[in-house]
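> One letter stands for each residue in the lines below.
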Amino acid sequence: DAGITQSPRHKVTETGTPVTLRCHQTENHRYMYWYRQDPGHGLRLIHYSYGVKDTDKGEVSDGYSVSRSKTEDFLLTLESATSSQTSVYFCAIRPTARSYNEQFFGPGTRLTVL
Amino acid sequence: DQQVKQNSPSLSVQEGRISILNCDYTNSMFDYFLWYKKYPAEGPTFLISISSIKDKNEDGRFTVFLNKSAKHLSLHIVPSQPGDSAVYFCAAGMGTDKLIFGTGTRLQVFP
Numbered sequence: 001d002a003g004i005t006q007s008p009r010h011k012v013t014e015t016g017t018p019v020t021l022r023c024h025q026t027e028n029h030r031y032m033y034w035y036r037q038d039p040g041h042g043l044r045l046i047h048y049s050y051g052v053k054d055t056d057k058g059e060v061s062d063g064y065s066v067s068r069s070k071t072e073d074f075l076l077t078l079e080s081a082t083s084s085q086t087s088v089y090f091c092a093i094r095p096t097a098r099s100y101n102e103q104f105f106g107p108g109t110r111l112t113v114l
Numbered sequence: 115d116q117q118v119k120q121n122s123p124s125l126s127v128q129e130g131r132i133s134i135l136n137c138d139y140t141n142s143m144f145d146y147f148l149w150y151k152k153y154p155a156e157g158p159t160f161l162i163s164i165s166s167i168k169d170k171n172e173d174g175r176f177t178v179f180l181n182k183s184a185k186h187l188s189l190h191i192v193p194s195q196p197g198d199s200a201v202y203f204c205a206a207g208m209g210t211d212k213l214i215f216g217t218g219t220r221l222q223v224f225p
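The listed protein sequences correspond, in order, to chains A and B.
The numbering of the first sequence is the working numbering, which starts it at 1 and goes up by one.
The numbering of the second sequence is the working numbering, which starts it at 115 and goes up by one.
It is worth saying that the hints were derived from the structure and are not from the lab.
Just so you know, even glycine gets a beta-carbon here, dropped at the ideal spot from N, CA and C.
Please note that the accuracy of each hint is not assured.
[What the hints assert, rightly or not] EDC-like, lysine to aspartate or glutamate: derived pairs with alpha carbons at most 16 Å apart:
no., chain 1, residue 1, chain 2, residue 2
1, B, LYS185, B, GLU156
2, B, LYS152, A, GLU27
3, B, LYS151, A, GLU27
4, B, LYS119, A, ASP54
5, B, LYS151, A, GLU102
6, B, LYS119, B, ASP138
7, B, LYS212, A, GLU27
8, B, LYS151, B, ASP173
9, A, LYS70, A, GLU27
10, B, LYS182, B, ASP145
11, B, LYS182, B, ASP198
12, B, LYS170, B, ASP145
13, B, LYS182, B, ASP138
14, A, LYS70, A, GLU59
15, B, LYS212, B, ASP145
16, B, LYS152, A, GLU102
17, B, LYS212, A, ASP73
18, B, LYS168, B, ASP198
19, B, LYS212, A, ASP56
[What the hints assert, rightly or not] Partial list, derived from the structure: chain B residues whose beta carbon lies under 7 Å from chain A:
no., residue
20, TYR153
21, SER199
22, GLY207
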């Protein structure tokens with residue numbers, strides 16, 4: 001158990017509304033990641049963070065923003081949700097002591113945009 | 115441009131037999147490779163990793179083989195058990211920041 005929680009676990013929203021997903025960790029890991037999982041695409045990196053206020057884009061960052069004001073929380077925001085953002089979103093952390101960037105994932109948030 | 119590919123979307127294996135999951139990659143600069151297992155409604159779980167300087171790593175029933183000349187890695191599960199039924203993702207990385215995942219292979223182990 002990597003001490004990662006995600007909230008909410010399920011959300012249904014309408015096109016055009018803002019949505020914020022929260023990832024919370026209890027072990028002060030420096031690196032945190034947001035992925036989305038879609039059929040036929042596997043896991044794709046949206047944004048990641050390597051410290052408080054330090055973030056960078058992944059391969060599918062358009063339409064998403066992130067913030068990390070505290071070590072334990074990494075927020076993913078969809079400013080104006082679209083149906084193409086219907087997906088399962090996973091947060092992950094990377095303990096710095098690991099050799100090969102082993103990342104440990106939260107339980108996921110299933111987001112449906114109608 | 116998909117740098118990590120899992121060309122078999124599904125695999126069905128009888129309990130007790132060997133399961134072999136395959137993964138191909140295109141970037142020869144990857145430093146390491148990992149395998150994850152994912153059950154429905156759960157996050158992916160790390161299984162096993164291998165450095166690009168090795169050709170084999172073993173952990174219990176799980177063995178990962180790396181063939182750098184072919185840019186191919188495989189995960190062997192012996193013996194397969196019903197609890198191994200899940201989606202398996204391979205991933206590759208270089209440096210310390212990002213992983214690139216394949217599209218996954220669904221393994222079903224039947225009695």
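> Of the hints given before, which are not true for this structure?
1, 2, 3, 4, 7, 11, 14, 17, 18, 20, 21
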